[in-house]
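First to last, the sequence lines map onto chains A and B.
Note that the working numbering numbers the first sequence so that position 245 is 241, with each residue one more than the last.
Note that the working numbering numbers the second sequence so that position 84 is 85, with each residue one more than the last.
Derived from the structure by calculation, the hints contain no laboratory data.
Hints are supplied without guarantee of correctness; some may be wrong.
Claimed, not checked - Simulated pairs of lysine-lysine, DSS-like, Cα-Cα distance not exceeding 30 angstroms:
hint: 1; chain 1: A; residue 1: K37; chain 2: B; residue 2: K178
hint: 2; chain 1: A; residue 1: K157; chain 2: B; residue 2: K75
hint: 3; chain 1: A; residue 1: K(-2); chain 2: B; residue 2: K75
hint: 4; chain 1: A; residue 1: K157; chain 2: B; residue 2: K78
hint: 5; chain 1: A; residue 1: K202; chain 2: A; residue 2: K157
hint: 6; chain 1: A; residue 1: K37; chain 2: B; residue 2: K160
hint: 7; chain 1: B; residue 1: K107; chain 2: B; residue 2: K78
hint: 8; chain 1: A; residue 1: K3; chain 2: B; residue 2: K178
hint: 9; chain 1: B; residue 1: K203; chain 2: A; residue 2: K3
hint: 10; chain 1: B; residue 1: K160; chain 2: B; residue 2: K78
hint: 11; chain 1: B; residue 1: K160; chain 2: A; residue 2: K3
hint: 12; chain 1: B; residue 1: K203; chain 2: A; residue 2: K37
hint: 13; chain 1: A; residue 1: K(-2); chain 2: B; residue 2: K78
hint: 14; chain 1: A; residue 1: K270; chain 2: A; residue 2: K292
Note that the structure is predicted; figures quoted are calculated from it, not measured.
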Amino acid sequence: MKCEWVKENITLHVYGELADDARHELEQHVARCADCAAELKAAQEFHDLLSQAPVVTPSPNLVTAARMRLQEALETAEQGGFWQRLAFDPANWLRQVSFSPALASAILILGFAGGVGTSYKVFVHQPPNAATGATPALAEASITGIRSITQEPGTNQIAIKYDTVSTLETQGSLNDQRIQQLLLFAARNNYNSGVRMDSVDLLTQKPDVSQVRDALIYALRYDTNPGVRLKALDGLGGFVKDDVRVRDVVLEALVNDSNPGVRTEALRLIEPAKADGSVRGVLMTLAAKDQSQYIKSQARTMLAQLPEID
Amino acid sequence: MEKVSGNLDPTWGRMAGQERRIDDTILIREAQRGNRGAFEELVRHYDQAVLRLALHLTGTEHDAQDVYQDAFLKAYKNIGSFRFECSFYTWIYRIVTNLCLDHLRKRNVRKEDAPVVKDASGGEYDLLDQVPDGRAGANPERDLMRRQLGARISGALEKLTPRERMVFELKHYHGLKLRTVGEILHTTEETAKNTLFRATQKLRGALADMR
């Protein structure tokens, strides 16, 4: 029955939701059908009635209060799904996001800025150390990581746990075991080649200590910086004749080192040991095949000075 | 132009609407990159409508603020997964309506049948006291009748199911097309139409004695 359809759709008509063709049909029907016309009128009046009632609107105070509360909450909120987004740009993000003061000094930038060189520093008050007698006037603590950030509920108190590496200073002479230990550590482990160079330089003054010699050997063999290797070589040079390990490492440097300066110096320093069988073998190879003219000719000269072997 | 007495029309002129759409896209992308300022600006485009919706459905300023807060925080946390498959408008309304529906369902369970609403301090008061009336004092009798009507309507709305109430609210008080209502509520336009029909029938029944 048409009337049924019309009655079901009168509400939609009142709200303007009918498609044009359906609206046309409905209007046509209502023009002819008294029942449906009355129904339409009632529906219309009801709609008007509802519209007479006042509509509750949020007061400006409420809007402001809601916005402020949201703003506060946003400061500590985190966005999820960063890592899935292609558009994530860490540097840009850091520029854009404003941190509240409480968090600003604690955020670890290391991971984003990349590179070991950048780190946040927090100044830590340190009492003088009675044991070593050293008194660090000011100690810096480099933040290496944030363990946890928690907010006390209902307050604006934030508790942050963070790990630091603190920088201390100690003084002494080369004979101090502590100094030697630190120098040995520095020679191997520091990413800063300048520091490694300084430490190796100092260690060359004490090459008779076996650990020191070890450190120099290690530096000559593995250090990536040719200046450091050269320094180590200088320190070891005097022991080529007496210490087999030193001779071996110097030979290695002579044959394998990427830096011509290091190789030349190694050749010069191996000279006192040229009578040794293994040294002679290397010299012969160099004399025959080496890329560097200088090394080739030097090797030949050295070999020429040796007595013939039966 | 549709009849708008007592009904706040959220649509602007067509041009302005389109401009707003472009603005939103830029703001959304910025917000996705972590730009909190952009997100806050985006919030300002929608928050009054959201607050109004929350206020109508929850009945108290306190609850409305809670819904508002939860909705926008959720939006902030999840904006990264917004893929422009629908308008931001639909997306944010979805979040708000879900929160409101939860609220309505919880209230139904507690079986509060009082049509009078509670204010922030828990005291009962007439929410309609909040309504600013431009013609206050001009016709006190008329004002009283309007307020009584308002109270009656609030009472009648309480009798609807949460979904019916939501559809009615979105259609009648926010002027949304039923197609949009369907999108927001994750249902079809047809279902939304049927729901609206049922809602208005119930309301007419509840208010049949009124002229």
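Mind checking the alpha carbons of A:K(-2) and B:K75 for me, to see if they're no more than 30 angstroms apart?
-> Distance ~47 angstroms between A:K(-2) and B:K75 Cα, so the pair is violated.
Hey, A:K157 versus B:K78, does the alpha-carbon distance stay inside 30 angstroms?
-> holds, 24 angstroms
Given the hint that A:K270 pairs with A:K292, does the C-alpha gap stay at or below 30 angstroms?
-> holds, 15 angstroms
Has the given pair, A:K(-2) with B:K78, been kept, meaning a C-alpha gap of at most 30 angstroms?
-> Roughly 51 angstroms between the alpha carbons, so the hint for A:K(-2) and B:K78 is violated.
Quickly compare the C-alpha distance for A:K3 and B:K178 to 30 angstroms and report which way the hint goes.
-> holds, 20 angstroms
When you check the alpha-carbon spacing of B:K203 and A:K3, does it fall within 30 angstroms?
-> Cα-Cα ~15 angstroms, so holds.
Sort out whether B:K78 lies within 30 angstroms of B:K107, counting only the CA atoms.
-> Since the Cα atoms of B:K107 and B:K78 sit roughly 25 angstroms apart, the hinted pair holds (cutoff 30 angstroms).
Quickly compare the C-alpha distance for B:K160 and A:K3 to 30 angstroms and report which way the hint goes.
-> Status holds; Cα separation ~23 angstroms.
Is it true that the CA of A:K37 sits at most 30 angstroms from the CA of B:K160?
-> OK: A:K37 and B:K160 at ~24 angstroms, within 30 angstroms.
Below or equal to 30 angstroms on CA atoms is what counts here, so check A:K157 against B:K75.
-> holds, 27 angstroms
Hinted pair B:K160 and B:K78, Cα distance within 30 angstroms = violated, 35 angstroms
Is A:K37 within 30 angstroms of B:K178, Cα to Cα?
-> holds, 22 angstroms
Consistency with the previously given hints fails for numbers 3, 5, 10, 13, ordered from lowest to highest.
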